[in-house]
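Let's have the full structure, built from the sequences with the hints guiding it.
Protein chains: 2
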Amino acid sequence: MPQPKLFRIIDKAVYDYRLIEEGDRILVGISGGKDSAALAHYFACRQKQGRERFSFAGLHVAADIGSPVSAELRRQFAQWGVPLAEMSVSVFGRLKPGHSMNCWWCSTQRRTELNSYAIAHGYNKIALGHHLDDMLETLLMNALGKGELSTMPPRLTYQKYPVTIIRPLCYADIPAIVEHAEAYSYSTATCTCGYQENSGRKDARARLAALTGGSYAHKRRLFEALKNIRPEYLP
Amino acid sequence: MPQPKLFRIIDKAVYDYRLIEEGDRILVGISGGKDSAALAHYFACRQKQGRERFSFAGLHVAADIGSPVSAELRRQFAQWGVPLAEMSVSVFGRLKPGHSMNCWWCSTQRRTELNSYAIAHGYNKIALGHHLDDMLETLLMNALGKGELSTMPPRLTYQKYPVTIIRPLCYADIPAIVEHAEAYSYSTATCTCGYQENSGRKDARARLAALTGGSYAHKRRLFEALKNIRPEYLP
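Those sequence lines, one after another, are chains A and V.
Its first residue numbered 10, the first sequence is counted upward by one per residue in the numbering used here.
Its first residue numbered 10, the second sequence is counted upward by one per residue in the numbering used here.
I should point out that these hints are in silico values taken from the structure, not numbers from a laboratory.
A portion of the hints provided could be inaccurate.
If several chains are the same, the list does not tell them apart, and a pair holds so long as it fits within one copy or across any two.
In silico lysine-lysine, DSS-like type, Cα no more than 30 Å apart, as pairs [unchecked claim]:
1. Lys236 - Lys155
2. Lys155 - Lys211
3. Lys14 - Lys155
4. Lys105 - Lys236
5. Lys236 - Lys169
6. Lys14 - Lys236
7. Lys211 - Lys236
8. Lys57 - Lys21
Okay, structure coming up:
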């Protein structure tokens, strides 16, 4: 079977940033959505190719809000050969008095559990499902809001923890992932909790669309520009 | 008389980038438009303040297309104490066979003359009227079109020539300049030649407006982000 188009896009990112290396033990953050499902599917296929020896498993950190991993997606994971561990955290229980629930708090709590689990179980890498649009939206939020040129990088080694964060979907935009998820009938859910006061990201998504006209070529060149910085021609 | 608001914006750029230094001999490129008129007016006022000893003069490089410097603007220059030299270049005469006229060719030919004049007459700096919007538009064109993070910097020392290019309007956007030009009744003209096949820049202007919503705060933070690059959080 030929490689799906999305997997060739991921292959390039894996090559460019050495995201999978011999002997890696990779924990994949599984949300129940299509981004992380595609990532798990990719790791399963990549492992079968035998290009390098590595192990991986998915971890779903369930919370008291958000969608669970559907029974059908569990069957797909089993079929692909993706081991799935699960744990749960009460994001409400951890909320400090006087604070209200929001996407940032929920995701931070779940990320903390993901990190702890990876360290406790000897994983050296954590793979996250952030994609090209996520990364460019963060770029715009940080530039326009904080006056800082930064985003979520494809590969980030923590200073404090013995794990490296990898984002193999860094070259894939939303349309590519949606097309792939439909073609492969992923049984995924989108978070529909009522606490998504995430107007900053919604706003950034609209700005990115306006800036690039939705063009994949423009998005990719904008991303490449971040690797091709010419200090002599900057303020 | 209090400093005009635009001049306080220019003051900050002059301070941040040391654009005017003791003993400077500055040649100001005069197009006949409001950007370079504001720049010449600023230099005349700055010189009267005596904050540093420097000399300056304007040079208008007339071409066989584009608007001349109006008689009324000449009177304003004389009133402000701005010396204005002039020369002319045939941008059509220099056009190579098979090529058609465009903004890039016209401005490159005029810039070459400006550079040569500055060097021949012992100027150590050339001041250009590019403003914040120009610089951010160039940033977007280079990022989306070339995959490169670069623009016209506020201060650029040529490798080949003994002159430094300065852009004191780097913190001023179009609305600030228009408001100033109206308040001070500048008698300026906008180039209306029929060869402005400059769709790349028009397109970039629309993208910048869509990205920032025209907000000066957003434009300034985007510019600040170029000075606040976090390599560890970039691809």
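Hint check results:
no. : hint            : result
1   : Lys236 - Lys155 : both (20 Å within a copy, 12 Å between copies)
2   : Lys155 - Lys211 : both (17 Å within a copy, 27 Å between copies)
3   : Lys14 - Lys155  : between (36 Å within a copy, 25 Å between copies)
4   : Lys105 - Lys236 : neither (39 Å within a copy, 36 Å between copies)
5   : Lys236 - Lys169 : both (25 Å within a copy, 27 Å between copies)
6   : Lys14 - Lys236  : within (24 Å within a copy, 37 Å between copies)
7   : Lys211 - Lys236 : both (26 Å within a copy, 26 Å between copies)
8   : Lys57 - Lys21   : within (18 Å within a copy, 60 Å between copies)
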